[in-house]
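Could you build the full structure based on these sequences and the hints that come with them?
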Amino acid sequence: MYNLTMVKPNLYSDSVSLMRLSNDVAALEGIQDVLVGMATDLNRELLANMGATTAETEAATPNDLLIAVIAVSEAAANNALAAIEEGMKKKKAAREETGNQVFELIDEVAELDEGFNIAVISAPGTYAAHECLTALSKGIHVFLFSDNVSIEEEVRLKELANSKGLLMMGPDCGTAIINGTALGFANVVRLGDVGIVAASGTGLQQVTQLIDAMGGGITQAIGVGGRDLSSKGGGRTMLAALDALRCDEATRVIVLLSKPPAPEVATKVLEAAKNIDKPVVLCLLGRELEADLGSIELAGNLEATAAAAVRLATGSSPVLSDPYYSEAPLAAALDALSTEQRYVRGIFCGGTVCDEAMVYFRSQGLPITSNIPLSDDERLANVHTSAGNTFIDMGDDYFTSGKPHPMIDPSLRNKRIVHDALLDDTAVMLIDVELGYGSHHDPAGVLVEAVHEANARLSVEGRSVLWIASVIGTAGDPQGFDAQCNKLLAANMIVTVSNIRAARLAARAIADVATRALANPEGRQP
Amino acid sequence: MIRDLFGADIKAINLGSKDFYDDLVSQGIDAINLEWKPAARGNKHLLEAVDALTNDAVEAANAEALERINAAQPFLVGVGRALDTLPGMTEDTILHAGPPITWERMCGPLRGAIIGGLLFEGRATTPEEAEALAASGTLNFSPCHEHDAVGPMAGVITPSMPVFILENRNGSNRSYATMNEGLGKVLRFGAYSEEVLERLRWMRDVLAPAVKQAIELSGGIDIKALIAQALHMGDEVHNRNKAATSLFIRELLPFLLKAQLEPDERIEVIGFINANDHFFLNLSMACSKAMLDAASGVEKSTLVTCMCRNGTDFGIRVAGLGDEWFTGPAEEVKGLLFPGFTDADKNPDMGDSAITETVGVGGFAMAASIAIVQFVGGSPADAIRYSERMYAITAGESTTFSIPVLGFRGNPTGIDVRKVVAKDILPQINTGIAHVQAGIGQVGAGLVNPPWECFQSALEALADKYGT
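Sequences listed follow chains A and B, in order. The first sequence maps to residues 4 to 529 in my numbering. The second sequence maps to residues 936 to 1403 in my numbering.
Keep in mind the hints are simulated off the structure, nothing from the lab. Remember, predicted model here, so these are calculated numbers, not experimental data. Some hints here could point you the wrong way.
Claimed, not checked - Pairs of lysine-lysine residues, derived as DSS-like cross-links and limited to a Cα-Cα distance of at most 27 Å, are as follows:
{"no.": "1", "chain 1": "A", "residue 1": "LYS271", "chain 2": "A", "residue 2": "LYS281"}
{"no.": "2", "chain 1": "A", "residue 1": "LYS406", "chain 2": "A", "residue 2": "LYS418"}
{"no.": "3", "chain 1": "A", "residue 1": "LYS141", "chain 2": "B", "residue 2": "LYS1235"}
{"no.": "4", "chain 1": "A", "residue 1": "LYS11", "chain 2": "B", "residue 2": "LYS1281"}
{"no.": "5", "chain 1": "A", "residue 1": "LYS167", "chain 2": "B", "residue 2": "LYS1235"}
{"no.": "6", "chain 1": "A", "residue 1": "LYS235", "chain 2": "A", "residue 2": "LYS271"}
{"no.": "7", "chain 1": "A", "residue 1": "LYS141", "chain 2": "B", "residue 2": "LYS1281"}
{"no.": "8", "chain 1": "A", "residue 1": "LYS235", "chain 2": "A", "residue 2": "LYS262"}
{"no.": "9", "chain 1": "A", "residue 1": "LYS277", "chain 2": "A", "residue 2": "LYS262"}
{"no.": "10", "chain 1": "B", "residue 1": "LYS979", "chain 2": "A", "residue 2": "LYS235"}
{"no.": "11", "chain 1": "A", "residue 1": "LYS167", "chain 2": "B", "residue 2": "LYS979"}
{"no.": "12", "chain 1": "B", "residue 1": "LYS1147", "chain 2": "B", "residue 2": "LYS1120"}
{"no.": "13", "chain 1": "A", "residue 1": "LYS141", "chain 2": "B", "residue 2": "LYS979"}
{"no.": "14", "chain 1": "A", "residue 1": "LYS11", "chain 2": "B", "residue 2": "LYS1120"}
{"no.": "15", "chain 1": "B", "residue 1": "LYS1269", "chain 2": "B", "residue 2": "LYS1147"}
{"no.": "16", "chain 1": "B", "residue 1": "LYS972", "chain 2": "A", "residue 2": "LYS406"}
{"no.": "17", "chain 1": "B", "residue 1": "LYS972", "chain 2": "B", "residue 2": "LYS1120"}
{"no.": "18", "chain 1": "B", "residue 1": "LYS1235", "chain 2": "B", "residue 2": "LYS1193"}
{"no.": "19", "chain 1": "B", "residue 1": "LYS1400", "chain 2": "A", "residue 2": "LYS141"}
{"no.": "20", "chain 1": "B", "residue 1": "LYS953", "chain 2": "A", "residue 2": "LYS406"}
{"no.": "21", "chain 1": "B", "residue 1": "LYS1269", "chain 2": "A", "residue 2": "LYS11"}
{"no.": "22", "chain 1": "B", "residue 1": "LYS1177", "chain 2": "A", "residue 2": "LYS11"}
{"no.": "23", "chain 1": "A", "residue 1": "LYS167", "chain 2": "B", "residue 2": "LYS946"}
{"no.": "24", "chain 1": "A", "residue 1": "LYS141", "chain 2": "B", "residue 2": "LYS946"}
{"no.": "25", "chain 1": "B", "residue 1": "LYS1120", "chain 2": "A", "residue 2": "LYS141"}
{"no.": "26", "chain 1": "B", "residue 1": "LYS979", "chain 2": "A", "residue 2": "LYS406"}
{"no.": "27", "chain 1": "A", "residue 1": "LYS235", "chain 2": "A", "residue 2": "LYS167"}
{"no.": "28", "chain 1": "A", "residue 1": "LYS11", "chain 2": "A", "residue 2": "LYS406"}
Okay, here's the thing in structure tokens:
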């Protein structure tokens, strides 16, 4: 083995492009391991794990670029290094080609005085609060995708934003649609009269997409970030956004979407919501809340939330358009299962849709385990080892530390999908596929690679599993809704646009398997 | 209001992953992707200090400080003897450029200038005697800035030297500066030959009284107005003072003619000023000093009121921190050397003249002085870029000085310590380069920045005192 480690001082590049570059270079011949990244504590730890730490890397700062290659030969390592340097160079040339003026600072853009009104910030969390502060000070609204921003910084930013009448979405805000413009991970959704505020990324995507699929439309979809409704978060952005939607003439129905807030925050938010003279739909993702909801309509899941919103906006109950959904393959798939195959394995990119599926299973009395459990007794002993009906959020920090989110790079969950599909006791594979801006350009294509591999290996063993996919996507999404769904159908997956529908089907399949096992304890169906 | 955003055209700034930018562009959104790097050189502690100082109280203090700088009206009102004129001046005090420094740590040209000063004062009869006296510990070496004064290069002021007196007519402060000796073998570059001392004596005995009379007859000369005009005539009033010196002579001449002078002396005085393109430099420095001192002591202000160097250390002071010095090593000046000199001949950055940059002229106004690039190196485009960049670290713009080529935009004014650190953009100074040995003189000119340390330690002190 040949190790090559170097530090390039003061050469900053954003982490996503570096991770992508690392992945590209790792695929070259003779390369065992590659790290190209800024010398953060995390990356240096990864470097130590590679056994590639040097005195130079120890002394490096987060402003310095680390390059480490472990290769079978010096030639392969040098080849990788050349590819890394080429990859970094390309970026620069592409910029020069555009001939655009180069800006380095939010201030510089603000000083153009050309009405730039929103900053989309995904810099490392350590530096993000400062950039947000700069933007807010200049009267610019903020969509902050980054996490690793302290709660104290978050509170300060939100208080500043509120005092200036600015929208501070995030930290850790994945999704928003403002004036029809998708920010972060968001679908192309028809404009209409439903305004949404959500402390949930994929939840917001699913609700907006389902409103679209029910013929409705939205005014604004505002993400507030995962901690906004915590005790310290105090609902600062949620309350500000609610008030803005209350005053917004185009918004006729308001949707509030969140896990149950901290009790004192819930009181404030519900009080504010009750005082709005527009219909309000509240979705707590199936959880109970001990509170007087007044005129607020409570919806039990994301699809019901979308349906209630569209009904309140149009005056009639909507019909969900789910063009590729068919239960026809179900019976044959279930017939092919052995009695050992008893469990659902849900491998999710989206935390909220994972959560929604778990809540549903629980409501059906089906035991579950997870890396993001609803209660502690449901926690997986080892997140890498599924047990019983298992629901894994592959977008959880544990899996994404130092890697892109699986919605950006869905291949990161393929290994787990293949692994779990091959488990002796897996009956149903439940998988979400997110389309829209922000997401991978061909998530279905990446997913079916895993499905094909798993099916091929299962078929060698004379087995199969039932595949169910929920596609969060609209006809307008850049990936092409029909093409994506067709790829999944071609891999013999059941496809629906509604996550709760997919979860129900999975639960039904499990129940069916259990019933059949009782009826025929000998094993495989004739 | 948030609802003002609803329905508005989205115009987005993207910072971080370029994918989000690409998505915005493919949605037809007007977006700018920042060539971003972590602020404050990626130092979280400094970022927190910046953020702790980002609040309305500091903004208000800086607005007040900027207003005072802009409102200052320094008039040249007279000439006095240093001992009688400068606050805190004593018979045993020798002033020098830059932050405080001991004899042991002084660079060659500064030591040479002090030797020359002692010879001029008659405190020693030979350079050896002067050196022994300087090293004896009986003299009090003190920065010009601690006596409301400024001096170019070595900046040495001894008790009997004449000084210009400037008065801020929109405030209560005064500032002082020596009179410029010209180029070549001069005290400010550490020369102390008889020729140098003879000129100093002539300046004391002939030039100063004549100029004093003329100034007094004039009733005061508005130096700030002269600078404003000179900026539109190709000067940046640090390394180019041709236009300003000409304007100054024009102001002074009627009164020099009116003054009670011996005919020979009148001719000598006019000839001396006329022959020295840099005569105005000391006035532009004193004017800058008077403007900036008006802002000194504004509580919570993070604006720099002084940048100066003694050839060993670079020092700054900040409005909200009064007289406290924040120092770092003086840097090497990069630029053009006169024929026959090499990099080994260069003394590190020296002089109080960076007070001009501090007020927004000099290196900050290079776009007003395109011709300067022939002297300090670089291209006309560089000159414009240097000036434009300084707006990123200043609190605002001058209301008197403007730069024609930038659309008559007010000069970048009020260097903000927070912005310097957060953006990692150091103030741009253009400067002469002294020979590392005393007495040889100027060896070239070029560009230099202050050391980062000054701003880092000033920021930390500001955050300690005013951070929230």
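| task | Could you tell me which of the hints above the structure violates, numbers in ascending order? | result | 4, 7, 14, 15, 17, 18, 22, 25
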